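Chains B and Y, in that order, are what the protein sequence lines are.
The opening position of the first sequence corresponds to residue 1 in the numbering used here, with each subsequent residue numbered one higher.
The opening position of the second sequence corresponds to residue 1 in the numbering used here, with each subsequent residue numbered one higher.
If you're looking for bench data, these hints aren't it; they were derived computationally from the structure.
The structure displayed is predicted, hence computed values, not measured ones.
Here a beta-carbon is modelled for each residue, glycine too, at the ideal position from N, C-alpha and C.
Wrong hints could be hidden among the right ones.
[What the hints assert, rightly or not] So the derived label-pair ranges between C-beta atoms look like this:
1. Y:A130 with B:I389: 33 to 43 Å
2. B:A265 with Y:A202: 38 to 48 Å
3. Y:S69 with B:P198: 54 to 64 Å
4. Y:K237 with B:F132: 53 to 63 Å
5. B:R172 with Y:A101: 22 to 32 Å
6. B:H146 with Y:A148: 29 to 39 Å
7. B:G210 with Y:A123: 42 to 52 Å
8. B:I389 with Y:G160: 45 to 55 Å
9. Y:A337 with B:H146: 50 to 60 Å
10. B:V71 with Y:Q42: 50 to 60 Å
11. B:P97 with Y:R129: 30 to 40 Å
12. B:P97 with Y:Q42: 22 to 32 Å
[As the list claims (entries may be wrong)] Calculated from the model, a selection of chain Y residues having no Cβ within reach of chain B, i.e. all distances over 10 Å:
13. P59
14. K64
15. E93
16. D126
17. S154
18. T170
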Amino acid sequence: MTESEERLTSTTAPTERHGQKVVLPPHRQRAARPYQVRAANWLRINLFASWDRTLLTVISFAILGSVIAFVVWFVMSYANWNVVTDNRRLLLIGSFPHGAEWRLWVGLCFVFTLAGASYGMWSKLGLRDGLFIVIGSAFALFMILHETSQAWAALWFGVAVVLLSVGYLLCRLVPREEGPTRRVATRVLGLLLALSVPIVFALLMAGPGGADANELSGYLLNLLLAPAGIAGGILVGIPLALGRASSLKAISWTCTAYIEVVRGAPLIGWLFVALFILSDIIGGDLIVRTMVVLAIFTGAYMAEYIRGGLQALPRGQYEAGHAVGLPHWRTMQLIILPQALRISIPPIVGQAIALWKDTALISIILPLRELVGSSRSAIAQGEFITARIEVYVFAAVMFWIVAFVMSRVSQRIERSLGVGQR
Amino acid sequence: MKTLRYGLLTAMVLAVVAMVAIACGDDESGDSSGEGRGDTIQTIKDRGELKCGVKQTQPLFGFKEADGSVVGFDVEFCKALAAAVLNDASKVEFVDASNAATRFELLASGEIDVLIRTTTITAERDAGRAVDFAQTTFYTGQGFAVHADSAIQSTADMEGATICVQSGTTTEQNLDDHFTELGFDYTPLGGEDAETQDAFLARRCDVWTADQSNLASRISAFDNPSDFRVLGQIISKEPLAPGVRDYDSEWKDVVNWIVHGLIYAEELGVTKANVGQMASNPPNTTIARLLGVAYEGGAVADLGFGVDPQFLQRAIAAVGNYGEIYTQEIGNNIPRACTLNALAIDASVDCPPGKGGILYALPYR
Numbered sequence: 001m002t003e004s005e006e007r008l009t010s011t012t013a014p015t016e017r018h019g020q021k022v023v024l025p026p027h028r029q030r031a032a033r034p035y036q037v038r039a040a041n042w043l044r045i046n047l048f049a050s051w052d053r054t055l056l057t058v059i060s061f062a063i064l065g066s067v068i069a070f071v072v073w074f075v076m077s078y079a080n081w082n083v084v085t086d087n088r089r090l091l092l093i094g095s096f097p098h099g100a101e102w103r104l105w106v107g108l109c110f111v112f113t114l115a116g117a118s119y120g121m122w123s124k125l126g127l128r129d130g131l132f133i134v135i136g137s138a139f140a141l142f143m144i145l146h147e148t149s150q151a152w153a154a155l156w157f158g159v160a161v162v163l164l165s166v167g168y169l170l171c172r173l174v175p176r177e178e179g180p181t182r183r184v185a186t187r188v189l190g191l192l193l194a195l196s197v198p199i200v201f202a203l204l205m206a207g208p209g210g211a212d213a214n215e216l217s218g219y220l221l222n223l224l225l226a227p228a229g230i231a232g233g234i235l236v237g238i239p240l241a242l243g244r245a246s247s248l249k250a251i252s253w254t255c256t257a258y259i260e261v262v263r264g265a266p267l268i269g270w271l272f273v274a275l276f277i278l279s280d281i282i283g284g285d286l287i288v289r290t291m292v293v294l295a296i297f298t299g300a301y302m303a304e305y306i307r308g309g310l311q312a313l314p315r316g317q318y319e320a321g322h323a324v325g326l327p328h329w330r331t332m333q334l335i336i337l338p339q340a341l342r343i344s345i346p347p348i349v350g351q352a353i354a355l356w357k358d359t360a361l362i363s364i365i366l367p368l369r370e371l372v373g374s375s376r377s378a379i380a381q382g383e384f385i386t387a388r389i390e391v392y393v394f395a396a397v398m399f400w401i402v403a404f405v406m407s408r409v410s411q412r413i414e415r416s417l418g419v420g421q422r
Numbered sequence: 001m002k003t004l005r006y007g008l009l010t011a012m013v014l015a016v017v018a019m020v021a022i023a024c025g026d027d028e029s030g031d032s033s034g035e036g037r038g039d040t041i042q043t044i045k046d047r048g049e050l051k052c053g054v055k056q057t058q059p060l061f062g063f064k065e066a067d068g069s070v071v072g073f074d075v076e077f078c079k080a081l082a083a084a085v086l087n088d089a090s091k092v093e094f095v096d097a098s099n100a101a102t103r104f105e106l107l108a109s110g111e112i113d114v115l116i117r118t119t120t121i122t123a124e125r126d127a128g129r130a131v132d133f134a135q136t137t138f139y140t141g142q143g144f145a146v147h148a149d150s151a152i153q154s155t156a157d158m159e160g161a162t163i164c165v166q167s168g169t170t171t172e173q174n175l176d177d178h179f180t181e182l183g184f185d186y187t188p189l190g191g192e193d194a195e196t197q198d199a200f201l202a203r204r205c206d207v208w209t210a211d212q213s214n215l216a217s218r219i220s221a222f223d224n225p226s227d228f229r230v231l232g233q234i235i236s237k238e239p240l241a242p243g244v245r246d247y248d249s250e251w252k253d254v255v256n257w258i259v260h261g262l263i264y265a266e267e268l269g270v271t272k273a274n275v276g277q278m279a280s281n282p283p284n285t286t287i288a289r290l291l292g293v294a295y296e297g298g299a300v301a302d303l304g305f306g307v308d309p310q311f312l313q314r315a316i317a318a319v320g321n322y323g324e325i326y327t328q329e330i331g332n333n334i335p336r337a338c339t340l341n342a343l344a345i346d347a348s349v350d351c352p353p354g355k356g357g358i359l360y361a362l363p364y365r
């Protein structure tokens, strides 16, 4: 007998939940009425309480319904999705060398394993996460298998998803309480996470047959530039935030000047710096210079968010550190920064999502063809000149997927660190 | 007092660091000043790769295929240059110069070695921007396209017409000049390149104007090219040429003579297929000189380019002569009627002078 059936049949008997008998208090006994009654009640209270609310409900549903109908009509009937499916290689990996696709798949497997492991170590997959993974995988498999026999690619993707689950399950086995096993496991995982960006670059580019920097384009380029910019930004931001809060005026002024100057100009302007100024200072491939600029730019914002976290901490925290005889830097490392970073997580993730979307600006200024640039090539093809909306909708969805994942992950981090609860 | 001392100390340390950084920065820029400015040929050789700025959004000229490869008429000239300088036509990095607004910046910043991107030579660009133009690769002009069922035959029929034109371009100015001259009213419908195309397809305008080659190339890529008609009339000169950085005449010479050489090769009948045979057994001194080989036991003529005398031979072997590139990349999408009849009115300008065109290859000696 399932829980709902039980509720239907027995109205007053104690409810069984997670193997424990729960006796509902009198004021909650209402909830045990048959669900038809409860549903009708809910509808009456929330949607049809009075004639004006009923009118509002009808109007809202009419608008909502027509929007949904329009989207369904656009997706199912109007749109010519061939522009996306025929150009999926161009859009997703651009000019990545033919025959080296396995590097991408190994990279994907690595990232998926890490993601699964991190989730298993510090959090728990919820129903919505599972649903998202299923729908996302179905979408990916559809893209891979549509109208071609890409069995190998589908297999690779399957392996990646399996590795995600394996990583998740393995890390669920690690005890949740602090202990030697968990300490080692978190250290290893933390190190892998910290090194993940260089590892992925090595997987894609190292050795003979690897991709040249200029062969990285399409969605892949967004996926590489944004994490590099975000990770670099945090690395730049932490010392800047500490520096700005420093009592040494020279350091504090320098950091303030950096932050104000960098934040004072739009990203598009700084991308010109990658093109003209950094080429003389650090040289190298444009893609590297772009990453440096993204890190410099993001760093200024990150610094301000972290400074916000630092200032939110009561003075007593610093004083407590000094009182137990910790030197300044140890106080920072052990007491202040962990708390400040935890407070700053929401704005830091907000900035990360903003930077992720800002990578779409890159192909406006620089000759790097990320997803939006590749989209322009796709709609220059004769048969797809009228399919501009479809390509841009696809690009928007691809941007949304990652932004959504980042937002979910940040919620998980916040919950597991107890942000907003203390 | 303590704070002050710390402050001063930090300031001094920072000042020293800054000075060292500036000094190092100078050193590095000193090292890299050869790169990108002044000695492009050596830069290309050191890099082992030619960086060629091409369009990636215009069918026939510079276009990125669904598999990620870049193709087109302009792209072939990049390959010819790579074959000439690096002896390998595949050693080209195609840098995206689709954005008209930043193309010259790419050249100025050293991000590309040469810009081959349907760029019109204008006096303002040559004089005012850090760009030098080599020999024109494609002569075109501003043309007009109409729907096939339209009665319009030339601008004389366009009184009161709505005309789609890309905003902020010389095309827009030319159009205004032309209609002022005619004394006609017209309604310009501006927008981005692709927007004007959409508006024309949706019949929001009667006429679509752009470079004639651009119109023809885009219409050629439509599903139903025969539903449209490109008018024969041209109202401006649009010579499309490769651009290089100012103050690098050695490199400009090479780019310039690659174009002249490929045109000359067509005139002399040297093709991709027969260039090897002609090089081993040149029929005359002209061809021997063009291919950088000895004729009848004479010496190889070294004309003093920054590359070895066989550079044109390698370029022709890699991509063929001008006519072959045209046939392969543009073909009948923009008909090239080179006839011996100088009076042939349909003859395209992109033909040798004796065949109704103005592609006048300079003598190679």
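Results for each hint:
1. A hinted range of 33 to 43 Å holds for the C-beta pair Y:A130 and B:I389, which are about 38 Å apart.
2. A hinted range of 38 to 48 Å for the beta carbons of B:A265 and Y:A202 is consistent with their spacing of about 39 Å.
3. In this structure the hint that Y:S69 and B:P198 lie 54 to 64 Å apart at CB is violated, the actual value being about 29 Å.
4. Between Y:K237 and B:F132 the beta carbon distance is about 58 Å. The supplied range of 53 to 63 Å therefore holds.
5. Under the hint 22 to 32 Å, the C-beta atoms of B:R172 and Y:A101, about 53 Å apart, miss the expected range.
6. As the Cβ distance of B:H146 to Y:A148 is approximately 35 Å, the hint placing it in 29 to 39 Å holds.
7. The supplied range of 42 to 52 Å is met by B:G210 and Y:A123, whose beta-carbon atoms lie about 46 Å from each other.
8. The hinted window of 45 to 55 Å between B:I389 and Y:G160 is violated, with their beta carbons roughly 32 Å apart.
9. Judged by the Cβ atoms, the range 50 to 60 Å given for Y:A337 and B:H146 is violated: they are separated by roughly 43 Å.
10. Look at B:V71 against Y:Q42: about 57 Å separates their beta carbons, and that is inside 50 to 60 Å.
11. Judged by the Cβ atoms, the range 30 to 40 Å given for B:P97 and Y:R129 holds: they are separated by roughly 35 Å.
12. Between B:P97 and Y:Q42 the CB atoms are about 28 Å apart, so this pair conforms to the stated range of 22 to 32 Å.
13. The beta carbon of Y:P59 sits about 6 Å from the closest Cβ of chain B, which is not more than 10 Å, so the claim that it is off the interface is violated.
14. Non-interface status of Y:K64 relative to chain B is broken: a Cβ of that chain comes within 10 Å, the nearest being about 4 Å off.
15. Chain B draws Y:E93 into its interface by the beta-carbon criterion, the shortest separation being 5 Å against a cut-off of 10 Å.
16. The claim that Y:D126 lies off the interface holds: its Cβ sits roughly 22 Å from the closest Cβ of chain B, which is beyond the 10 Å cut-off.
17. Look at Y:S154: its CB is around 26 Å from the nearest CB on chain B, clear of 10 Å, so calling it non-interface holds up.
18. The beta carbon of Y:T170 is kept farther than 10 Å from every beta carbon of chain B, the shortest such distance being approximately 22 Å.
Hint check: violations occur at hints 3, 5, 8, 9, 13, 14 and 15; the rest are consistent with the structure.
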